[in-house]
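Chemist: Okay, here's what each chain looks like letter by letter:
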Amino acid sequence: MAKPVGDRWAQTSLEAAQPIILVEALTKRFGALAAVDGVSFEVRRGEVFGILGPNGAGKTTALECIEGLQRPTSGRTLVLGIDTAKEPERAKERIGVQLQASSYFEHLTLVEILELFGRMYLRRIAPKELLAKVGLSDKARSTVTKLSGGQKQRFSIAATLVNDPELVFLDEPTTGLDPQARRNLWELITALHREGRTVVLTTHYMEEAQELCQRVAIMDRGRIVALDTPTRLIHRLPVPYLVRLLTSTPLPPDQLERLEAVRSVQAGNDGYCLLASSDASKTLPALLMWLNGRGATVEHLEVITATLEDVFLALTGKQLRD
Amino acid sequence: MLWLLFLANLKMVFRNRQALLWALFFPLVFVVVFGVFRFDRPTPVNMAVVDHAGDEVSQQLLQGLQTIESLKLDTKRSEEEARRALADGDIGYVLVIPAGLAQGVGGAGAVTLTLLVDEAQGPQNQMVRSIVERFIDSMNLAVQGGQRLLGMEMQGVNARRVGYFDFLLPGFIGMGVMNYAIIGMATVIALYRQQKILKRIRATPLRVTTFFSAQVLAYLVLSLVQAAIILMAGLFLFDAKVYGNILWLFPLVILANLTFLNLGFIAGSIARSVEAASGLGNVVAIPMMFFSGVFFPTDTLPTALRVVVQYLPLTPLLDALRGVMLEARPLWEFPVALGLLGAWVVVSGVLAVRIFRFD
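Residue numbers (our numbering), protein chains in the order written: chain A, 27 to 348; chain B, 32 to 390.
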């Protein structure tokens, strides 16, 4: 089924070089409230792009403006070179949209629903192949009501693929799922990525953004407060590492503080020492050498890297999830 | 595309067992209850008197007849009107007084009055006949001391006897179709919105109008099946009488159902949840069920209420249904009802489009 990426969606070289999504100063107001407040960003062809933020940050509204489902108050949204506020119908042919927590017809089987959605794009599709792709082959004759939460979400992704879109929007695809179901979905999203599709997803799980996304935009109160690769976002923190250390004999904190890149030292539980470091690659060699010189035996040593959760906390002063 | 969507909708409508059960169960319960118990209303002996003479003797005759308590007289109809009312079962008897009664009585031989009766009403006819004959005898006695000046002959007419159950059956068809269309459509629209199915469809290139057209078509097909089943239950289980061409019933049901579907669509758009949609649908449907003449003719309502009720969409549907089914008249003889139904389709359609929202 997989054709070589590149001619799959028949892009011209000019098209391929342009960003697949271009958002300029997007604003959406509901009365006095600016749900999306002057947001600009680009999504590159072939990447998994995450929009991370707490509930109510404006992720869904921004996404629906880009998809052409809501009309922006001002600003411009270009998808595949099409202005989705002006020509939403033309864009819809080429994108796949999964809405947050949407359902499908209760009284049709999965195969029937997929066939119906295929016909909405005037296509004849192979429903069984799509179901196999999302791991639901054995549910072909079931109705949606018989599916578990994770299966529903996977089916809903299958439904976004009926028109073989090069760009897929997933709005909180894993919210409310158990860890196993979430893993399954991550694998599916990674598979879409490997087929050369561009995926834009929203989430409020930072580990999800970290695991799946090449780039992440962090949104809060309708604005993008940071946008970069997860690694670089984390490295922007003043203290992205925490070294947890347990030795046979207690260590003098004032000397530890003088080690390279160490910003502070605290005493943890059970005799642990906690070293906040701006650069673990510098702190670790220095620490090991120093310990060696003192003849101290290391009983436990670990480096904890900051997460996007910490990035969000540092940027907004609040937790991602309450 | 429309065809495929229509088929899909048809599948959904017929697989929704619960809703389907209500679509048929509710009206059929009424058919069975009224069919079994036969709440036929006792009809007073209504008699139209057609006075072709209009002289002093006929005046005396009328005054005399009015004193008979078991007869309810109606003297306002022409002979033609009276005969039609008898044929339609609106009145039970017609007494025709020939022209020139006074001269006839003065001359030789008896003048003959004609009593028109519905042949199907055997026992009652004998009773009424003897009442009238006894009255005529007493007149003869009073006027001329027993000499027969007045005579009477009875003429049978083949009337369409419309029993209460026959009257109810078109009502149940209209009621069943209305209830299912309004409440079914209201809950489906609310459900589709609540589950974001409408929004999901908007994310595809399919036009929303195509989507709803397919749905309306599926519901129209169901309403025809529904009407046919209720009709057959009445005809075959309880021996209801239908005098007209029952095929007229189907275009009427479709025309009226467009309005009911629009009303359901509006209720589903206004309501915030499926439960609220069902409640709102009932608020629209139940008053019509009671006031638009499902169980009783709207003539029996107080005038003020009747003025309002005649404009509700169920009223012209029932009027036209009874017209074609019980009076055997063709559909085009109901321009007012058809006009009202058409106006409702347009008004409710415009309103439905304006009030609709995706989320």
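I should point out that these hints are in silico values taken from the structure, not numbers from a laboratory.
None of these values were measured; they are calculated from a predicted model.
Heads up, the beta-carbon is just placed ideally off N, CA and C, and yes, glycines get one too.
Just to be clear, a hint being listed does not mean it is correct.
With a cut-off of at most 20 angstroms between alpha-carbon atoms, the simulated SDA-like pairs for lysine to any residue come out as follows [stated by the list, open to error]: (1) A:LYS112 <-> A:GLU132; (2) A:LYS172 <-> B:LYS227; (3) B:LYS230 <-> A:ASP305; (4) B:LYS230 <-> B:LEU33; (5) B:LYS230 <-> A:GLU132; (6) A:LYS112 <-> B:LYS227; (7) B:LYS227 <-> A:SER129; (8) B:LYS230 <-> A:LYS154; (9) B:LYS230 <-> A:PHE131; (10) A:LYS172 <-> B:LYS107; (11) B:LYS230 <-> A:LYS159; (12) B:LYS42 <-> A:ALA127; (13) B:LYS42 <-> A:ARG145; (14) B:LYS227 <-> A:GLU115; (15) A:LYS172 <-> B:LYS272; (16) A:LYS172 <-> B:ARG48; (17) B:LYS107 <-> B:LEU146; (18) A:LYS154 <-> A:LEU134; (19) B:LYS227 <-> B:GLU306; (20) A:LYS308 <-> A:LEU339; (21) A:LYS172 <-> A:ARG145; (22) B:LYS272 <-> B:GLN90; (23) B:LYS227 <-> A:ALA127; (24) B:LYS230 <-> A:LYS165.
FRET-style restraints, in silico, Cβ to Cβ [said to hold, decoys possible]: (25) A:GLY175 <-> B:ARG303: 43 to 51 angstroms; (26) B:ASP270 <-> A:ARG167: 56 to 64 angstroms; (27) A:GLY202 <-> B:PRO333: 22 to 30 angstroms; (28) B:PRO318 <-> A:SER163: 21 to 29 angstroms; (29) B:ALA307 <-> A:HIS261: 50 to 58 angstroms; (30) B:MET263 <-> A:GLY222: 53 to 61 angstroms; (31) B:SER304 <-> A:GLN292: 46 to 54 angstroms.
Chemist: Now tell me, hint by hint, if it's right for this structure.
Modeler: Checked hints:
1. A:LYS112 <-> A:GLU132: Outside the cut-off at roughly 33 angstroms; violated.
2. A:LYS172 <-> B:LYS227: Between A:LYS172 and B:LYS227 the Cα gap is close to 18 angstroms, so the pair holds against 20 angstroms.
3. B:LYS230 <-> A:ASP305: violated, 48 angstroms
4. B:LYS230 <-> B:LEU33: holds, 19 angstroms
5. B:LYS230 <-> A:GLU132: holds, 16 angstroms
6. A:LYS112 <-> B:LYS227: violated, 23 angstroms
7. B:LYS227 <-> A:SER129: holds, 6 angstroms
8. B:LYS230 <-> A:LYS154: Measuring from Cα to Cα gives roughly 25 angstroms; hence the hint is violated.
9. B:LYS230 <-> A:PHE131: Roughly 13 angstroms separates the two Cα atoms, so the pair holds.
10. A:LYS172 <-> B:LYS107: Violated - the C-alpha atoms of B:LYS107 and A:LYS172 are around 70 angstroms apart, more than 20 angstroms.
11. B:LYS230 <-> A:LYS159: Violated, because 25 angstroms separates the two Cα atoms, which is more than 20 angstroms.
12. B:LYS42 <-> A:ALA127: violated, 24 angstroms
13. B:LYS42 <-> A:ARG145: holds, 16 angstroms
14. B:LYS227 <-> A:GLU115: The given pair, whose Cα atoms are some 19 angstroms apart, holds under the 20 angstroms limit.
15. A:LYS172 <-> B:LYS272: Violated, because 47 angstroms separates the two Cα atoms, which is more than 20 angstroms.
16. A:LYS172 <-> B:ARG48: holds, 17 angstroms
17. B:LYS107 <-> B:LEU146: Holds. B:LYS107 to B:LEU146 sits at ~17 angstroms (cutoff 20 angstroms).
18. A:LYS154 <-> A:LEU134: holds, 15 angstroms
19. B:LYS227 <-> B:GLU306: holds, 16 angstroms
20. A:LYS308 <-> A:LEU339: Violated, because 25 angstroms separates the two Cα atoms, which is more than 20 angstroms.
21. A:LYS172 <-> A:ARG145: violated, 24 angstroms
22. B:LYS272 <-> B:GLN90: violated, 39 angstroms
23. B:LYS227 <-> A:ALA127: Within the cut-off at roughly 8 angstroms; holds.
24. B:LYS230 <-> A:LYS165: violated, 25 angstroms
25. A:GLY175 <-> B:ARG303: 43 to 51 angstroms: violated, 25 angstroms
26. B:ASP270 <-> A:ARG167: 56 to 64 angstroms: Check failed, 45 angstroms falls outside 56 to 64 angstroms.
27. A:GLY202 <-> B:PRO333: 22 to 30 angstroms: 57 angstroms Cβ-Cβ, so the 22 to 30 angstroms window is violated.
28. B:PRO318 <-> A:SER163: 21 to 29 angstroms: violated, 52 angstroms
29. B:ALA307 <-> A:HIS261: 50 to 58 angstroms: Taking Cβ atoms as reference, B:ALA307 and A:HIS261 lie about 52 angstroms apart, which means the hint holds.
30. B:MET263 <-> A:GLY222: 53 to 61 angstroms: holds, 60 angstroms
31. B:SER304 <-> A:GLN292: 46 to 54 angstroms: Roughly 52 angstroms apart at Cβ, these two residues keep to the hinted range, so it holds.
In the structure shown, a violation is registered for the earlier hints numbered 1, 3, 6, 8, 10, 11, 12, 15, 20, 21, 22, 24, 25, 26, 27 and 28, in ascending order.
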